[in-house]
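*Asks:* Using the hints provided, position chain B relative to the given structure of chain A.
For the record, the sequence lines run as chains A and B.
Okay, so the first sequence: first residue is 2 according to the working numbering, each after it adds one.
Okay, so the second sequence: first residue is 735 according to the working numbering, each after it adds one.
The hints are simulated quantities; they were obtained by calculation from the structure and are not laboratory data.
You can trust all of the hints, since none of them are fake.
Derived CB-CB ranges, DEER-like:
(1) A:N156 / B:S833: 36 to 44 Å
(2) B:V944 / A:H107: 46 to 54 Å
(3) A:F106 / B:L932: 25 to 33 Å
(4) B:R764 / A:R207: 50 to 58 Å
(5) A:P70 / B:S833: 56 to 64 Å
(6) A:P183 / B:V976: 43 to 51 Å
(7) A:D189 / B:A969: 31 to 39 Å
(8) A:N156 / B:L925: 34 to 42 Å
(9) A:P82 / B:P977: 49 to 57 Å
(10) A:F203 / B:D870: 44 to 52 Å
(11) A:R89 / B:Q972: 54 to 62 Å
(12) B:L932 / A:P183: 29 to 37 Å
Over the 12 Å line for every Cβ pair with chain B, so calculated as not near, a few chain A residues:
(13) I45
(14) L66
(15) D90
(16) V124
Bear in mind the structure is a predicted one, so any value in this text is a computation, not a measurement.
Think of the CB as a built atom: it goes at the ideal place given N, C-alpha and C, for glycine as much as any other residue.
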Amino acid sequence: MEAVKLKGMKGGIRVVIDEEASWEKVIDELREKLGSSFFNEGKIFIDLGRRKLTREDYKLVDELLSRKPFLKLIGVEAFDPSTRAVVRDFLPQVLPQVPSRNSLFHFGTLRSGVSLEHEGDLVIIGDVNPGAEVYVGGNLAVFGALRGSAYVGINSGDEVFVVALKLSPSILVIKNKVVSLPSSLSGDRPFMVTFSRDKVDFHPIRGG
Amino acid sequence: MGEVYVITSGKGGVGKTTVTANLGVGLALRGAKVVTVDADIGLRNLDVVLGLENRIVFNIVDVVEGSCRLEQALVRDKRLENLFLLPAAQTRTKEAITSEQMLEVCSKLRKIFDYVLIDSPAGIETGFRNAAIGADKAIVVTTPEVSAVRDADRIIGLLEAMGKGVPQLIINRIRLDMVEKGDMLSVRDVLDILAVPLLGIIPDDEEVIVATNKGEPVIFRDDSDASRAFKNIVARLQGEDVPIIELSPRKNTGFWSKLRQLFGGR
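Okay, chain A solo, but in the shape it has when bound:
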């Protein structure tokens, strides 16, 4: 009996995974089926049914999919709530579509006592240390640690984002609102803070 069934659906392929088969068998079949060049591109939807999966289980699926960069996973169906939570962590983030305006690249770390102002988007290749501050009209990206103060989105429309490889700012103000970071947010891995329609969201950024 097949552990993985492929069904055509509107706009893509529905991958139905048997609820009883061993996960090992499922992964093997999935590897075999996705391996064919037929699946090099297009959209797929995965149906897990009532199956319960741990993070490690789903990671195997994620790894298979990551080898197919043009195969787009558009959704996963799972009845089990814990499985849903696991899967959600792996799904690609829906990031705000913000047009880039007047970007400035700053090379080097901003040390304490330094203030940098830019009316458009700002990209810093380096750290923003405690005691340094940036005033940014648009979005802010820090290829390093953001530990200083950041005032972001001063001139921009409704949607703003801040991204940093390490996010632990002394003060983060987005569009005149002080953003308090959840204490669970670990400051030593990449994070993005989005601000959209007065709502602040935090997204971990995973490596590909």
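*Replies:* Same frame as chain A, now just chain B:
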């Protein structure tokens, strides 16, 4: 031509003067001809730490004002004949000297000495700028405290802007027990922020306080941790490759290493 170092920190009380005195003594003990310069005019301390306060006749302000020759103001150390002090004036302010005058003093000193160590005042104003202006290289001293690290960061930025290049860092008064408990920034935490080369770390050691009060720099002693740390730094300044003993929490907390610790090993 000698090398001119400025020892600075931004924040006060982190140990600039103690470091200057000990590095001066350490380099002199190895045979170099050394002068330590107290640039903290109005708040002089280096003479006390070196135990030379009752030998001062002239000071750096007398020199730049032409009241005496440079050689007359130099105080020879009572223990080492190749160690000297150019004292600060206690009754004047930082404005008593201009940057041009400081540059001139430095260029004269570097012709006489192998090492010129300038003890900078705290702060980022005239006093600091005058102390740093004549230096080829900078040593930044910090303690593992958030406030000291932030000020050190500021000073590093200012030194870079002054064209002094990337300074070397000394982390002073680190306490292994507190780092292990997570109550103190570790060497790694400090370097993570400051991102400059580490010249050395000095453990918190009561001997330093005793030595400072006696006017006898701790590096003269053989039996203290701080003394050993200073000696290593001096060796590194002279180009020796002395590994830095990492005072970070021990990662190995397994059964065998616990057992070894129980029997006195590490």
